[in-house]
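Enquirer: In order, the protein sequences belong to chains A and B. Residue numbering for the first sequence follows the working numbering, starting at 71 and increasing by one per position. Residue numbering for the second sequence follows the working numbering, starting at 2 and increasing by one per position.
Treat each hint with caution, since some may be false.
To be verified - Some chain B residues near chain A, calculated using beta-carbon distances under 8 Å: (1) 144; (2) 283; (3) 286.
Derived by calculation from the structure, the hints in this document are not laboratory data. Here a beta-carbon is modelled for each residue, glycine too, at the ideal position from N, C-alpha and C.
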Amino acid sequence: MNPMISDTMPMQPAEQHGRPSTLFRICRKMWHLKMGVMGGIILAVMLVFAVAAPLIAPHDPYEQNIIQRLLPPSFMENGSDRHLLGTDGVGRDTLSRIIYGTRVSLIVGLSAVCIQVGIGVILGLMAGYFGGRTDSVISFMVNVMMGFPFILFAISLVAVIGPSLQNIIFALGVTGWPVFTRVTRVETIKLKESEFVLCAITLAFSTKRILLVHILPNLLPAILVLGTVEVARAIIRESLLSFLGLGIQPPTPSWGMMLAEGRDYMLGEWWLAAFPGFAIFLSALGINLLGDALRDLVDPHMRKD
Amino acid sequence: MKAYIIRRLVQAVAVCLAISMISFFLLFLNSDPALLLLPPEAGLEDIEIFKKSMGLDRPVIVQYLVFLKKIILHGDFGNSFVSKTPALALMLERVPATLSLSLMAVVLANALAIPMGIISAVKRYTIFDNLVTFLAIVGQAMPLYWLGIMLIIIFGVFLGWLPISGSDTIWHMILPAVTLGAWLLPVNMRLVRSGMLDVLNQDYIRTARAKGLLERKVMVKHAFKNAVIPLVTVTGMQLSLLLGGAVVTETVFAWPGLGRLAVESIRMGDYPVVQAIVVFFALCVVFGNLLADILTALIDPRIRLE
Numbered sequence: 071m072n073p074m075i076s077d078t079m080p081m082q083p084a085e086q087h088g089r090p091s092t093l094f095r096i097c098r099k100m101w102h103l104k105m106g107v108m109g110g111i112i113l114a115v116m117l118v119f120a121v122a123a124p125l126i127a128p129h130d131p132y133e134q135n136i137i138q139r140l141l142p143p144s145f146m147e148n149g150s151d152r153h154l155l156g157t158d159g160v161g162r163d164t165l166s167r168i169i170y171g172t173r174v175s176l177i178v179g180l181s182a183v184c185i186q187v188g189i190g191v192i193l194g195l196m197a198g199y200f201g202g203r204t205d206s207v208i209s210f211m212v213n214v215m216m217g218f219p220f221i222l223f224a225i226s227l228v229a230v231i232g233p234s235l236q237n238i239i240f241a242l243g244v245t246g247w248p249v250f251t252r253v254t255r256v257e258t259i260k261l262k263e264s265e266f267v268l269c270a271i272t273l274a275f276s277t278k279r280i281l282l283v284h285i286l287p288n289l290l291p292a293i294l295v296l297g298t299v300e301v302a303r304a305i306i307r308e309s310l311l312s313f314l315g316l317g318i319q320p321p322t323p324s325w326g327m328m329l330a331e332g333r334d335y336m337l338g339e340w341w342l343a344a345f346p347g348f349a350i351f352l353s354a355l356g357i358n359l360l361g362d363a364l365r366d367l368v369d370p371h372m373r374k375d
Numbered sequence: 002m003k004a005y006i007i008r009r010l011v012q013a014v015a016v017c018l019a020i021s022m023i024s025f026f027l028l029f030l031n032s033d034p035a036l037l038l039l040p041p042e043a044g045l046e047d048i049e050i051f052k053k054s055m056g057l058d059r060p061v062i063v064q065y066l067v068f069l070k071k072i073i074l075h076g077d078f079g080n081s082f083v084s085k086t087p088a089l090a091l092m093l094e095r096v097p098a099t100l101s102l103s104l105m106a107v108v109l110a111n112a113l114a115i116p117m118g119i120i121s122a123v124k125r126y127t128i129f130d131n132l133v134t135f136l137a138i139v140g141q142a143m144p145l146y147w148l149g150i151m152l153i154i155i156f157g158v159f160l161g162w163l164p165i166s167g168s169d170t171i172w173h174m175i176l177p178a179v180t181l182g183a184w185l186l187p188v189n190m191r192l193v194r195s196g197m198l199d200v201l202n203q204d205y206i207r208t209a210r211a212k213g214l215l216e217r218k219v220m221v222k223h224a225f226k227n228a229v230i231p232l233v234t235v236t237g238m239q240l241s242l243l244l245g246g247a248v249v250t251e252t253v254f255a256w257p258g259l260g261r262l263a264v265e266s267i268r269m270g271d272y273p274v275v276q277a278i279v280v281f282f283a284l285c286v287v288f289g290n291l292l293a294d295i296l297t298a299l300i301d302p303r304i305r306l307e
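Start from the sequences, fold in the hints, and give me the full structure.
Expert: Have a look at this one:
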């Protein structure tokens with residue numbers, strides 16, 4: 071279906087006021103697609119970095135060299151050609167650490183969202199399909215989670231269970247699911263009234279079969295789109311935990327921790343904070359762009375307009 | 002309407018209780034809170050004495066009820082392990098700093114978000130609209146703390162215009178407030194834009210145009226007033242986002258507010274203070290939402306009849 075269709079419906083009064091020309095619409099669609107492709111490329115590069123880090127990184131990310139510490143990037147004065155983005159306080163190569171840092175970000179982002187989807191979708195299906203008391207209990211849980219500022223919950227959880235890769239994934243997973251429950255619940259309520267589900271109920275199919283075979287597949291597009299955006303959010307949150315010293319522990323390279331270390335050199339060596347932060351920003355941007363494009367492709371009605 | 006408010010009030014209280022319970026039981030996830038609360042060099046005997054004195058040898062449920070009773074009756078979260086003074090007082094001391102920072106950020110964000118959102122909705126599909134949408138996408142990918150650090154580097158270090166941390170003068174507030182405001186801006190802008198687009202599709206706008214009103218008058222008198230209502234209620238619902246953002250901003254700029262206190266207390270394992278802050282944040286968020294819902298219901302009868 072043409073994703074622009076909802077924008078060009080002739081009966082919408084607002085459209086009569088400043089309706090876009092055909093040429094403009096085509097340009098806009100191209101632009102949107104292009105941004106999506108760009109997002110896809112950024113994500114692909116991240117994946118390659120994560121998988122092939124030892125082949126791509128010019129240096130060992132753990133190798134310290136006190137003599138060559140705090141070198142500026144090679145494009146600046148006194149920069150060394152051997153260290154494209156300079157070196158940190160103990161002489162480790164910034165570029166190599168950023169490349170290796172992709173691993174942590176992607177592992178945490180993807181695993182945390184898997185947990186979120188697992189918890190969120192199951193609860194959402196149950197709340198939407200069974201309604202009544204089940205719905206009240208699950209909706210109450212969602213409200214509780216929403217009332218708990220994420221950041222406080224996550225950092226106190228990590229502080230208690232201890233900072234490690236698994237625990238961070240766990241903390242992000244168990245704090246991020248309500249958004250999936252909300253979406254799944256609403257969509258399930260809608261689908262429950264649809265004819266094919268009513269048919270399935272009439273045919274006395276088991277509840278499990280109806281939920282898994284008839285309802286869940288129809289939810290996948292929405293979950294995929296939301297999941298993409300949530301990966302970006304999880305990456306930002308992981309880096310935030312690491313930034314606060316409650317995430318990945320040194321010396322494992324993680325963007326958030328590099329940023330925290332760079333903060334100590336902010337007054338002189340600005341690049342130490344700038345580059346890892348830019349890596350976080352760029353990856354979140356890429357994934358968001360991909361998510362936006364997916365949204366348009368999968369379901370034009372979900373457009374944010 | 003009365004029934005609606007009572008129902009929502011009961012829900013809000015229940016949510017707050019649940020949050021207090023979670024914040025209490027978080028301590029027990031790690032099997033023994035006494036070990037968390039005592040220095041590592043404490044001997045077995047010390048631990049036993051400490052447990053007795055803190056009531057930690059009693060069943061967990063009893064401990065929770067005692068904890069809850071103290072909070073509700075006396076506002077007593079216990080003493081801070083670090084400073085040995087009441088946790089509640091320590092927390093309340095920091096409220097004004099966070100409040101002023103958040104308020105400033107919201108004002109800054111909305112001062113830009115409202116006009117930008119409206120113009121981009123009215124001039125839909127123009128270059129301006131696309132630019133605003135693009136900015137919103139970029140802004141949403143921006144990690145708040147990185148934005149703060151970059152602003153410090155640019156305005157504090159390179160240009161040397163503004164102080165980079167602390168809270169001594171009004172100038173100290175500018176960078177943190179701009180950071181937090183810039184972070185809220187994309188979300189608010191999108192909300193205003195979509196709210197305005199919704200309103201522009203309504204019949205009464207067509208009627209206003211049909212009777213020959215000036216376009217400017219249609220926008221200001223008929224569209225804007227209605228588009229702003231959801232923004233008011235949404236601002237209430239954004240409290241959670243705002244408080245979360247404040248935690249990060251305060252940490253980056255060493256702003257002496259609740260957020261920084263929270264992060265410091267969590268790091269030092271000062272649980273009474275953490276619990277006080279968590280419960281306070283939860284109260285703010287839950288009752289902010291409640292207020293927003295009641296306001297919406299007052300304005301829009303369709304909701305309370307649901």
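Enquirer: Please go over all the hints and tell whether each is borne out by the structure.
Expert: Checked hints:
Here the hint on residue 144 (chain B) is kept, as its CB sits about 5 Å from the closest CB of chain A, short of 8 Å. For the restraint placing residue 283 (chain B) at the interface with chain A, the shortest Cβ-Cβ distance is roughly 5 Å, inside the 8 Å limit, so the hint holds. The criterion of a C-beta within 8 Å of any C-beta in chain A is met by residue 286 (chain B), whose closest approach is roughly 5 Å, and the hint holds.
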